[in-house]
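Trainee: If you read the sequences in order, they're chains H and W.
Under the working numbering, the first residue of the first sequence carries the number 1, and numbering increases by one thereafter.
Under the working numbering, the first residue of the second sequence carries the number 1, and numbering increases by one thereafter.
Hints were generated in silico from the structure; no laboratory data involved.
Keep in mind that a hint or two might mislead.
BS3-like, lysine-lysine: derived pairs with alpha carbons at most 25 Å apart [as the list claims (entries may be wrong)]: (1) H:Lys-99 / H:Lys-300; (2) H:Lys-21 / W:Lys-162; (3) H:Lys-272 / H:Lys-284; (4) H:Lys-22 / W:Lys-158; (5) W:Lys-131 / H:Lys-71; (6) H:Lys-99 / W:Lys-123; (7) W:Lys-158 / H:Lys-44; (8) W:Lys-158 / H:Lys-21; (9) W:Lys-162 / H:Lys-71; (10) H:Lys-287 / H:Lys-6; (11) H:Lys-22 / W:Lys-189; (12) W:Lys-131 / H:Lys-155; (13) W:Lys-158 / H:Lys-155; (14) W:Lys-189 / H:Lys-71; (15) W:Lys-261 / W:Lys-280; (16) H:Lys-71 / W:Lys-115; (17) H:Lys-71 / W:Lys-78; (18) W:Lys-115 / W:Lys-280; (19) H:Lys-71 / W:Lys-158; (20) H:Lys-44 / W:Lys-189; (21) W:Lys-191 / H:Lys-44; (22) H:Lys-228 / W:Lys-123; (23) H:Lys-22 / H:Lys-44; (24) H:Lys-99 / W:Lys-78.
Among chain H residues calculated to face chain W with C-beta under 8 Å, some are [claimed, not checked]: (25) Lys-21; (26) Met-53; (27) Gly-54; (28) Gln-58; (29) Ser-62; (30) Thr-69; (31) Cys-70; (32) Tyr-97; (33) Lys-99; (34) Thr-119; (35) His-120.
In this text, all values refer to a predicted model and were calculated from it rather than measured experimentally.
Backbone N, C-alpha and C fix where the C-beta goes; we use that ideal spot for every residue, glycine too.
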Amino acid sequence: MREEKKATRQSYGEALVELGKKNGNIVVLDADLSGATKTDLFAKEFPERFFDMGIAEQDMMSTAAGLATCKKIPYASTFAVFAAGRAYDQIRSSICYPKANVKICATHAGVTVGEDGATHQMIEDLALMRTLPNMTVLSTSDDVQTKWAVEEISKMEEPVYLRLARLATPIIYDEEQKFEIGKAVQIGNGTDATVFATGVTVSEAIKAKEELANKGINIRVVDMHTIKPIDKEIIIKCAQETKKLISVEDHNIIGGLGSAISEVLTEECPTKLIRLGIKDTFGKSGKAEELMKYFEITAKNIVDNIV
Amino acid sequence: MSVSILRIICQKFVIIFYKGVVILKITNINELQEKAKEVRRGIIEEIYSANSGHPGGSLSIADILTVLYFNEMNVDEKNPNWEDRDRLVLSKGHASPALYSTLANRGYFTVEDLKTFRGINSKLQGHPDMKHIPGVDMTTGSLGQGLSAANGMAIAGKIDNKNYRVYCILGDGEIEEGQVWEAAMTSGKYKLDNLCVIVDNNNLQIDGEISDVMNPYPIDEKFKASGFKIICIDGHNIEKIISAFEVAKNVKEQPVCIIAKTIKGKGISFMENQVGWHGKAPNEEQYNQAIKELGGAK
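Chain H on its own, in the form it takes in the complex (with noise of 0.2 Å):
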């Protein structure tokens, strides 16, 4: 893990323009956000490509949609409360059940929006987008992870929701790392614990299995990427060779993460597992890295449910 920063926002950003240049099917949508969910780089790029739909999240959804009988690659993106909230519907009606090619990459997850408070903060789209059939849903961690899979998903001609960050994390993988949609990536192989994360929460996990280290304790963490279809071998795994589970995510702990984790594990091979998210509440004002301590899910709470 580097100490260089980066929000997976601007990383999709910057991979939407390469993806551009290689692929000319691939148009952008957006709904009046593009300086924050940084596809105001593609539309610089290519201004023929890039079409701003306004205020109006579900005409945005349904229009890509439309594109995507036509055989374009839509790319439409906004604010997760405003994707996976907003335009629920026409996600479900007319993306994922006609298995339209839509790729709906929402930025802004999360409690980590930080001062824009409650509303803004959308604490429930992976459990939305997850329970639609015919959907990927993807949930990345750095920079490198984001690029890859801003390319890799374009290659899947079904829908996919991608949640992205504003707050600037780590950039945890090399350039060199290799990805693979439903393949989650372990990083170490301790056995006294297993740290599930996702997204913002991921550098949080790194950082406390290196303290941990310090004292002694030797955890894995297991970077969820892919929500959707989830890892059942790594899980299985992690449970049958480690001492104790926890997942993290910056989500409710309520359909996100830990959930489909626990889903694994009831029918796979029952074992506890200790969920730190968002617990069943709304978020509020402050800034992203106080309001990760407030909700507990940062290296010091991961530390402190293991020791």
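Fit chain W to the given chain H structure using the hints.
Mentor: Relative to the frame of chain H, chain W by itself:
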């Protein structure tokens, strides 16, 4: 003899060659009226067979769909996904019986298939399903989303410099959905002159007259404000429908909205203008009566 037969054929049809595809179009008004009757018979067959479905709003768009698929649109039933085809989005998806009957009569699948409508083993889902039904260009059912999808298709046509046109049928009750007006702004913003919206103005929705439930009037002024050219017609007059599409095709730099005054349940005396026939299937006696009014079984 053979010459006169050829002449008769020429009076009734026109054969066009478009982008390498041979398309037969019916031009004779009486023939189109007969086709519309067949479409209506199919609607009744479907809903009676399923004992479920929406006859009122299906019958009100039967003439419009007949003109679209037998006279206006460049489509190829042998190649439903032909990329240069004109496209139709039936945004008021509950009128699926009308679309399916039109597609069956056009040859996308058999008229016999219509009797499987809404059945467990049927491809003919309750609402239009583009993944399983040949000829269905967009999945619809949750009201208010179709115009957005049609915009997407029209925008794609502009990007690719294609000549195809996109048609979108909205219900007059459906336009109470806010998304329709988001979409209307999009049509106007991108000057989608390859898009033609048709509002099926039958004046009724489930809970009553549209002006009582949630008044969407003035429909013309609202679309006009979003940049549409407005054409108002009698939605059951085949000649007027044909000429409206002709006018629409020649409008440049703006989308067109045809407001078609229609009668819910049109063609079946006891269903006409009766809100109770929005989503109800006929019993055996009503079915027989309906088929009789449509000229009897074929």
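Trainee: Which of the listed hints are not met by the structure?
Mentor: When the structure is compared with the hints, numbers 1, 3, 11, 16, 22, 25, 34 and 35 turn out to be violated.
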